[in-house]
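Enquirer: Sequence lines, in order, name chains U and A. Quick note on numbering: the numbering used here labels position 65 of the first sequence as 65, and the sequence is numbered without any gaps. Quick note on numbering: the numbering used here labels position 162 of the second sequence as 162, and the sequence is numbered without any gaps.
There may be inaccurate statements among the hints.
Stated by the list, open to error - No farther apart than 27 Å at their CA atoms in a straight line, the calculated lysine-lysine pairs in the DSS-like style are these:
1) A:364 / U:79
2) U:358 / U:12
3) A:7 / A:45
4) U:289 / A:85
5) U:104 / U:157
6) A:79 / A:155
7) A:184 / A:289
8) U:307 / A:79
9) U:45 / A:358
10) U:45 / A:73
11) U:79 / A:291
12) U:289 / U:184
13) U:3 / U:85
14) U:184 / U:3
15) A:350 / A:3
16) A:307 / U:79
17) A:358 / A:45
18) A:291 / A:358
19) U:85 / U:365
20) U:291 / U:12
21) U:307 / A:3
22) U:45 / A:104
23) A:291 / U:73
24) A:73 / U:85
25) A:79 / U:73
26) U:289 / A:184
27) U:73 / U:358
28) U:157 / U:73
29) A:358 / A:12
30) A:291 / A:7
31) A:45 / U:79
32) A:73 / U:291
33) A:85 / U:73
34) A:104 / A:155
35) A:176 / U:291
36) U:45 / A:3
37) U:291 / A:45
38) A:45 / U:307
39) U:45 / A:307
40) A:79 / A:176
Keep in mind the hints are simulated off the structure, nothing from the lab. Predicted model only: the values in this text are computed from it and were never measured.
Protein chains: 2
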Amino acid sequence: MFKVTLKDKDTKARLGELTTAHGVMHTPCFMPVGTHATIKGLYPKDVLDAGAEVMLSNTYHLFLRPGMNIIQKAGGLHKFISWDKPILTDSGGYQIFSLSLLRKLDDRGVEFQSHIDGARHFLTPEDIIDIQNCLGSDIIMPLDECVHYPCTKDKAKIASDRTLDWARRSLRRMSKVKGAGPNKEQHLFGIVQGATFEELRASCARELAEMDFDGYSIGGVSVGEPSGLIYNILGFTADILPEEKPRYAMGIGYPQDILEAVERGIDMFDCVVPTRYGRNGTAFTSRGKVKIGNAPYAHDFSPLDEKCSCYACRNFSRAYLRHLFNAQEMLGLTLLSLHNVYFFLDLMRKIRDAIEEKSFAEFKKHFLSSYSENELLYPNP
Amino acid sequence: MFKVTLKDKDTKARLGELTTAHGVMHTPCFMPVGTHATIKGLYPKDVLDAGAEVMLSNTYHLFLRPGMNIIQKAGGLHKFISWDKPILTDSGGYQIFSLSLLRKLDDRGVEFQSHIDGARHFLTPEDIIDIQNCLGSDIIMPLDECVHYPCTKDKAKIASDRTLDWARRSLRRMSKVKGAGPNKEQHLFGIVQGATFEELRASCARELAEMDFDGYSIGGVSVGEPSGLIYNILGFTADILPEEKPRYAMGIGYPQDILEAVERGIDMFDCVVPTRYGRNGTAFTSRGKVKIGNAPYAHDFSPLDEKCSCYACRNFSRAYLRHLFNAQEMLGLTLLSLHNVYFFLDLMRKIRDAIEEKSFAEFKKHFLSSYSENELLYPNP
Numbered sequence: 001m002f003k004v005t006l007k008d009k010d011t012k013a014r015l016g017e018l019t020t021a022h023g024v025m026h027t028p029c030f031m032p033v034g035t036h037a038t039i040k041g042l043y044p045k046d047v048l049d050a051g052a053e054v055m056l057s058n059t060y061h062l063f064l065r066p067g068m069n070i071i072q073k074a075g076g077l078h079k080f081i082s083w084d085k086p087i088l089t090d091s092g093g094y095q096i097f098s099l100s101l102l103r104k105l106d107d108r109g110v111e112f113q114s115h116i117d118g119a120r121h122f123l124t125p126e127d128i129i130d131i132q133n134c135l136g137s138d139i140i141m142p143l144d145e146c147v148h149y150p151c152t153k154d155k156a157k158i159a160s161d162r163t164l165d166w167a168r169r170s171l172r173r174m175s176k177v178k179g180a181g182p183n184k185e186q187h188l189f190g191i192v193q194g195a196t197f198e199e200l201r202a203s204c205a206r207e208l209a210e211m212d213f214d215g216y217s218i219g220g221v222s223v224g225e226p227s228g229l230i231y232n233i234l235g236f237t238a239d240i241l242p243e244e245k246p247r248y249a250m251g252i253g254y255p256q257d258i259l260e261a262v263e264r265g266i267d268m269f270d271c272v273v274p275t276r277y278g279r280n281g282t283a284f285t286s287r288g289k290v291k292i293g294n295a296p297y298a299h300d301f302s303p304l305d306e307k308c309s310c311y312a313c314r315n316f317s318r319a320y321l322r323h324l325f326n327a328q329e330m331l332g333l334t335l336l337s338l339h340n341v342y343f344f345l346d347l348m349r350k351i352r353d354a355i356e357e358k359s360f361a362e363f364k365k366h367f368l369s370s371y372s373e374n375e376l377l378y379p380n381p
Numbered sequence: 001m002f003k004v005t006l007k008d009k010d011t012k013a014r015l016g017e018l019t020t021a022h023g024v025m026h027t028p029c030f031m032p033v034g035t036h037a038t039i040k041g042l043y044p045k046d047v048l049d050a051g052a053e054v055m056l057s058n059t060y061h062l063f064l065r066p067g068m069n070i071i072q073k074a075g076g077l078h079k080f081i082s083w084d085k086p087i088l089t090d091s092g093g094y095q096i097f098s099l100s101l102l103r104k105l106d107d108r109g110v111e112f113q114s115h116i117d118g119a120r121h122f123l124t125p126e127d128i129i130d131i132q133n134c135l136g137s138d139i140i141m142p143l144d145e146c147v148h149y150p151c152t153k154d155k156a157k158i159a160s161d162r163t164l165d166w167a168r169r170s171l172r173r174m175s176k177v178k179g180a181g182p183n184k185e186q187h188l189f190g191i192v193q194g195a196t197f198e199e200l201r202a203s204c205a206r207e208l209a210e211m212d213f214d215g216y217s218i219g220g221v222s223v224g225e226p227s228g229l230i231y232n233i234l235g236f237t238a239d240i241l242p243e244e245k246p247r248y249a250m251g252i253g254y255p256q257d258i259l260e261a262v263e264r265g266i267d268m269f270d271c272v273v274p275t276r277y278g279r280n281g282t283a284f285t286s287r288g289k290v291k292i293g294n295a296p297y298a299h300d301f302s303p304l305d306e307k308c309s310c311y312a313c314r315n316f317s318r319a320y321l322r323h324l325f326n327a328q329e330m331l332g333l334t335l336l337s338l339h340n341v342y343f344f345l346d347l348m349r350k351i352r353d354a355i356e357e358k359s360f361a362e363f364k365k366h367f368l369s370s371y372s373e374n375e376l377l378y379p380n381p
């Protein structure tokens with residue numbers, strides 16, 4: 001299902017192809033996030049036109065609304081949302097920890113209250129597999145326990161051990177239900193936890209590697225720790241994971257994070273940043289972030305990014321986009337969201353091209369020399 | 001600029017072609033409304049794909065925000081909003097009367113306070129021509145005075161006389177500034193007022209007809225009067241207006257209104273209904289209105305309208321659209337808006353086809369036999 005097609009000589013970056021029942025994903029890849037079964041504000045056709053080969057959706061949200069009954073009746077998630085490319089679903093673990101009103105967690109599973117209506121639910125790792133089996137997503141995640149930063153080593157060990165136990169139970173359950181849902185070829189990934197402790201990360205990664213998952217996620221990163229620490233954990237963990245399996249850095253990240261992670265051998269990324277920033281009026285550009293509401297853009301008739309060829313940049317000026325935001329028009333939100341999703345997907349295309357052309361390190365350096373994670377002051381420097 | 005290409009034998013319906021600097025409009029036509037220089041929630045490319053040949057925008061709103069300075073710098077409205085098909089702009093008169101905080105009107109012009117920031121403005125009929133000259137819209141309207149329903153005959157006469165005086169001044173101004181803006185081929189329409197009084201409508205229409213405008217609008221309809229009265233006024237006025245000029249029923253209307261008006265010889269329509277209803281969760285279908293939030297649609301996997309071939313109906317179910325509305329997702333609003341705009345444009349296509357095939361009266365009867373302006377009860381009857 002996964003094939004590393006090229007390895008960079010200077011770094012650990014690699015090109016790969018991940019085959020699913022709904023098509024091939026070319027890695028390194030970015031997965032736009034469709035929390036409530038929609039990539040916020042965008043038509044699926046436009047996300048595909050922007051070059052997406054896969055999207056992510058959230059099991060926790062789908063389970064609560066519209067609920068499994070409706071998605072099952074629709075014939076699975078792909079049919080429900082009209083998306084026939086690969087879908088990855090997470091386990092819901094992270095949302096249960098961050099969104100639900102009440103949460104009681106023990107070795108059996110997790111009890112929580114819905115953030116929508118307060119209804120109580122108890123879910124085991126087996127339930128989480130069954131739910132995703134019913135969704136029919138192409139790549140699924142087992143229930144895991146994520147800890148926040150900072151966290152004591154003891155707490156991190158408990159969470160990591162529980163994640164390992166749940167991983168074993170998830171694999172067993174998967175062997176029973178695989179093929180029962182609308183997607184006969186689901187891939188189950190293992191999730192590495194262990195907070196910022198190399199020893200815990202290492203043992204978690206090694207034990208998971210022995211369990212023969214279809215791929216490996218690195219969870220519990222970008223939960224408040226400094227960037228340097230994120231890159232260390234990603235690199236350290238990637239080195240331990242099996243070469244021949246895809247590696248997914250959950251919830252990563254900003255453009256710079258993605259470049260650093262690719263350099264360390266990570267293949268897959270997802271983040272809500274493109275659409276969330278878009279809705280809030282911030283565009284990612286090759287020079288940095290543009291906050292479109294700023295006054296000087298009122299008279300700026302250049303596109304968001306001269307180097308971008310997305311629909312928004314080919315057709316609309318900063319002045320028009322600023323007007324739309326000022327007038328609180330939806331079109332402003334949707335155009336910036338589309339541009340940002342395109343920007344991230346385009347970054348991945350460029351990364352893949354650079355690896356192909358054996359110039360990834362150079363590309364990374366060149367990109368970061370003009371790009372800043374800070375907001376641009378106007379006029380552009 | 002306007003050519004009647006076919007006249008129906010059984011009714012007063014007619015086919016026409018209105019030529020502008022940005023292309024030909026095939027009439028009878030519907031103009032989606034882009035109040036703030038955007039058809040709410042829709043990419044221009046999707047509105048074009050849905051078959052729009054023209055859009056409408058509001059002078060009052062554009063004048064206040066982003067302001068003429070910015071649109072002028074952009075090179076006119078078409079360039080500012082990236083729409084290279086025809087644009088019709090209204091005079092702003094209706095918005096000044098309905099939206100602005102304070103309004104003082106006399107023969108010289110109108111003073112009003114912006115509904116956005118309270119700033120005071122005084123505009124003459126000449127200013128309104130200059131503003132639209134600067135916008136560069138293809139079809140422009142003179143300042144007029146619109147009265148509400150009901151209205152005394154005396155008041156209606158004052159408004160109608162003032163509208164006529166302003167029409168003369170607008171024509172004079174137009175002869176001076178035509179060609180000065182970004183669009184060398186602007187068409188100026190006259191607006192018939194006169195409330196529900198046939199005598200006033202008749203004299204207003206006759207006087208305007210003598211002034212040789214490029215087309216004629218019927219204003220001050222659908223301001224609260226019963227449907228029967230609307231149809232009478234439209235039919236009565238259309239009969240007086242010159243055959244060889246296009247006739248535009250401002251702010252009309254619902255599907256049934258459009259059919260009745262076409263039957264009476266009206267060529268052009270605009271209304272905010274498709275996008276406003278879409279944002280509020282109501283879809284127009286061949287059987288009537290579907291309120292997508294209603295509970296039974298949760299398990300309804302059919303499209304909004306089996307007979308519709310818009311992007312929303314080709315790809316998404318009522319169950320999914322209801323989910324999006326429930327989860328307050330933008331995609332729900334934008335898909336319903338797109339569907340509704342398509343529905344109205346498709347109705348116009350069918351009307352034109354029916355006139356072409358000499359079966360308009362039959363088409364109208366057939367359409368209205370299955371279509372209801374009421375909200376559909378579920379399941380569909």
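Enquirer: None of the hints should be skipped; say for each whether it holds.
Expert: Tested hints:
Our distance criterion of 27 Å between C-alpha atoms is broken by residue 364 (chain A) and residue 79 (chain U), whose separation comes to about 36 Å. A C-alpha spacing of about 12 Å is found between residue 358 (chain U) and residue 12 (chain U), which places the hinted pair at or below 27 Å, so the restraint holds. With a CA separation close to 32 Å, the supplied pair residue 7 (chain A) and residue 45 (chain A) exceeds the 27 Å bound. The hinted pair formed by residue 289 (chain U) and residue 85 (chain A) fails the criterion: a straight-line CA distance of about 33 Å is larger than 27 Å.
Using a Cα cut-off of 27 Å, the hinted pair residue 104 (chain U) and residue 157 (chain U) holds, with the two alpha carbons roughly 18 Å apart. Distance restraint check for residue 79 (chain A) and residue 155 (chain A): the Cα-Cα separation of roughly 41 Å exceeds the 27 Å cut-off, and the hinted pair is therefore not satisfied. Between residue 184 (chain A) and residue 289 (chain A) the alpha-carbon distance is near 42 Å, which puts this suggested pair outside the 27 Å criterion. Between the alpha carbons of residue 307 (chain U) and residue 79 (chain A) the distance comes to roughly 20 Å, so the proposed pair stays at or under 27 Å and holds.
For the proposed pair residue 45 (chain U) and residue 358 (chain A), the alpha carbon gap of about 38 Å is over 27 Å, so the pair is violated. With a CA separation close to 33 Å, the supplied pair residue 45 (chain U) and residue 73 (chain A) exceeds the 27 Å bound. For the given pair, residue 79 (chain U) sits about 22 Å from residue 291 (chain A) by alpha-carbon distance, which is consistent with the 27 Å threshold. Taken as a hint, the residue 289 (chain U) and residue 184 (chain U) pair is broken in the structure, with Cα atoms around 42 Å apart against an allowance of 27 Å.
A hinted pair counts as satisfied when its Cα atoms are at most 27 Å apart, and residue 3 (chain U) with residue 85 (chain U) qualifies at roughly 19 Å. In summary, the hint linking residue 184 (chain U) to residue 3 (chain U) is supported, as the alpha carbons are separated by about 20 Å, within the 27 Å threshold. With a CA separation close to 20 Å, the supplied pair residue 350 (chain A) and residue 3 (chain A) stays within the 27 Å bound. Restraint check: the Cα-Cα separation between residue 307 (chain A) and residue 79 (chain U) comes to about 20 Å, which is no more than 27 Å; the hinted pair holds.
Our distance criterion of 27 Å between C-alpha atoms is broken by residue 358 (chain A) and residue 45 (chain A), whose separation comes to about 32 Å. This hinted pair does not check out: residue 291 (chain A) and residue 358 (chain A) have alpha carbons roughly 35 Å apart, beyond 27 Å. Of the supplied pair hints, the one linking residue 85 (chain U) and residue 365 (chain U) is violated, its CA atoms being roughly 32 Å apart against a limit of 27 Å. With a CA separation close to 34 Å, the supplied pair residue 291 (chain U) and residue 12 (chain U) exceeds the 27 Å bound.
Taking the CA atoms of residue 307 (chain U) and residue 3 (chain A), the gap is near 45 Å; set against the 27 Å cutoff, the hint is violated. For the hint pairing residue 45 (chain U) with residue 104 (chain A), the CA-to-CA distance comes to about 49 Å; that exceeds 27 Å, so the pair is violated. With a CA separation close to 21 Å, the supplied pair residue 291 (chain A) and residue 73 (chain U) stays within the 27 Å bound. A distance of roughly 43 Å separates the Cα atoms of residue 73 (chain A) and residue 85 (chain U); the hinted pair therefore is violated under the 27 Å criterion.
Between the alpha carbons of residue 79 (chain A) and residue 73 (chain U) the distance comes to roughly 47 Å, so the proposed pair goes past 27 Å and is violated. Note on residue 289 (chain U) and residue 184 (chain A): the hinted pairing is violated, with a Cα-Cα distance of about 39 Å set against a maximum of 27 Å. With a C-alpha separation of about 48 Å, the suggested pair residue 73 (chain U) and residue 358 (chain U) falls outside the 27 Å cut-off, and the hint is violated. Restraint check for residue 157 (chain U) and residue 73 (chain U): not satisfied, since their Cα atoms lie roughly 41 Å apart, outside the 27 Å limit.
Between residue 358 (chain A) and residue 12 (chain A), the direct Cα distance comes to roughly 12 Å. Compliance with the 27 Å bound is thereby established for this hinted pair. Straight-line distance between C-alpha atoms of residue 291 (chain A) and residue 7 (chain A) comes to about 37 Å, which puts the hinted pair past the 27 Å bound. With a CA separation close to 26 Å, the supplied pair residue 45 (chain A) and residue 79 (chain U) stays within the 27 Å bound. Between residue 73 (chain A) and residue 291 (chain U) the CA atoms are separated by roughly 21 Å; this keeps the pair inside 27 Å, and the hint holds.
The straight-line distance between the Cα atoms of residue 85 (chain A) and residue 73 (chain U) is roughly 43 Å, outside the 27 Å bound, and the hint therefore fails. With a C-alpha separation of about 15 Å, the suggested pair residue 104 (chain A) and residue 155 (chain A) falls inside the 27 Å cut-off, and the hint holds. For a cut-off of 27 Å, the pair hint linking residue 176 (chain A) to residue 291 (chain U) is broken: about 42 Å separates their Cα positions. For the hint pairing residue 45 (chain U) with residue 3 (chain A), the CA-to-CA distance comes to about 38 Å; that exceeds 27 Å, so the pair is violated.
This hinted pair checks out: residue 291 (chain U) and residue 45 (chain A) have alpha carbons roughly 25 Å apart, not beyond 27 Å. Note on residue 45 (chain A) and residue 307 (chain U): the hinted pairing holds, with a Cα-Cα distance of about 21 Å set against a maximum of 27 Å. For the given pair, residue 45 (chain U) sits about 21 Å from residue 307 (chain A) by alpha-carbon distance, which is consistent with the 27 Å threshold. With a C-alpha separation of about 24 Å, the suggested pair residue 79 (chain A) and residue 176 (chain A) falls inside the 27 Å cut-off, and the hint holds.
Hints 1, 3, 4, 6, 7, 9, 10, 12, 17, 18, 19, 20, 21, 22, 24, 25, 26, 27, 28, 30, 33, 35, 36 from the list above are not met by this structure, while the remaining hints are.
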